[in-house]
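A.B. asks: Numbering (my numbering), first residue to last: 204 to 276.
Simulated from the structure, these hints should not be mistaken for lab results.
Take these hints with a grain of salt, some might be off.
What the hints assert, rightly or not - Cut-off 25 Å, straight-line C-alpha distance, at most; resulting in silico cross-link-like pairs (DSS-like, lysine-lysine):
(1) LYS275 / LYS260
(2) LYS247 / LYS275
(3) LYS275 / LYS243
(4) LYS275 / LYS255
(5) LYS247 / LYS260
(6) LYS243 / LYS255
(7) LYS243 / LYS260
The model shown is predicted, which means the values in this text are computed figures rather than measured ones.
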Amino acid sequence: MNDSGKGMNMGQGRGLGQGSGRGRNKGGGFGTGGFCVCAKCGEKVPHQQGVKCTTLKCPECGHTMIREELLKK
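Work out the full structure, taking the sequences as your base and the hints as a guide.
C.D. replies: Dropping the structure here:
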């Protein structure tokens, strides 16, 4: 018997865990290129780095724009 107060079978703490912690879009952004597209009328405008497509309004119909890659899913 072990009198030191510690268990005999000390684990290594290597659990399998859950998920990869990468979040939305599997951790990858869509990059600097690409287009923002209107889901209503199909108008395309070049994506601007640092500006989310969803903050833009379509220049043709005024509907909210969406990133082209998301529209294709």
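A.B. asks: Hint by hint, note whether the structure agrees.
C.D. replies: Evaluation of the provided hints:
At roughly 19 Å between alpha-carbon atoms, LYS275 and LYS260 fall within 25 Å of each other, so this suggested pair holds. In summary, the hint linking LYS247 to LYS275 is supported, as the alpha carbons are separated by about 13 Å, within the 25 Å threshold. Only pairs whose Cα atoms come within 25 Å are accepted, and LYS275 paired with LYS243 is accepted, the gap being roughly 14 Å. Note on LYS275 and LYS255: the hinted pairing holds, with a Cα-Cα distance of about 17 Å set against a maximum of 25 Å.
As the CA atoms of LYS247 and LYS260 are separated by approximately 11 Å, the hinted pair is consistent with the 25 Å bound. About 18 Å separates the Cα atoms of LYS243 and LYS255, which keeps this hinted pair within 25 Å; it holds. Distance check on the hinted pair: LYS243 and LYS260 sit about 11 Å apart at the alpha-carbon level, within 25 Å; holds.
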